[in-house]
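Asker: Sequence:
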Amino acid sequence: MPTVVLGVTGCIGAYKACEVLRELQKRDVDVHVVMTEAATRFVSPMTFEALSHHAVFTDQFALGEQSDIRHISLAD
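The C-terminal position of the sequence shown is numbered 75 in numbering that gives the first Met the number 0, with every residue numbered one higher than the one before it.
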């Protein structure tokens with residue numbers, strides 16, 4: 000199954016990313032979401048977590064398991 004990292008930035012069109020996510024899933028794509036802080040003011044990370052079934056990344060320096068930088072681990 001292919002994987003896509005969907006980046007969502009802070010703009011009024013951020014809600015459209017929900018539609019993009021759903022269309023990718025219809026094509027059997029596993030979608031992970033990365034959001035800027037500004038994007039969270041337009042769409043809640045919880046919305047993307049519910050749609051993608053994955054944790055949403057909102058802090059590029061948050062430490063994940065084994066002290067890996069979480070946003071870099073998405074490339075694996």
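Misleading hints may appear alongside valid ones.
As the list claims (entries may be wrong) - Straight-line C-alpha distance at most 20 Å; calculated DMTMM-like pairs for lysine to aspartate or glutamate:
| hint | residue 1 | residue 2 |
| --- | --- | --- |
| 1 | Lys25 | Glu36 |
| 2 | Lys25 | Asp58 |
| 3 | Lys15 | Glu48 |
| 4 | Lys15 | Glu36 |
Calculated from the structure, these hints are not laboratory results.
Asker: None of the hints should be skipped; say for each whether it holds.
Answerer: Verification of the hints:
{"no.": "1", "hint": "Lys25 x Glu36", "in the structure": "violated (28 Å)"}
{"no.": "2", "hint": "Lys25 x Asp58", "in the structure": "violated (28 Å)"}
{"no.": "3", "hint": "Lys15 x Glu48", "in the structure": "holds (15 Å)"}
{"no.": "4", "hint": "Lys15 x Glu36", "in the structure": "holds (17 Å)"}
The earlier numbered hints that this structure contradicts are 1, 2.
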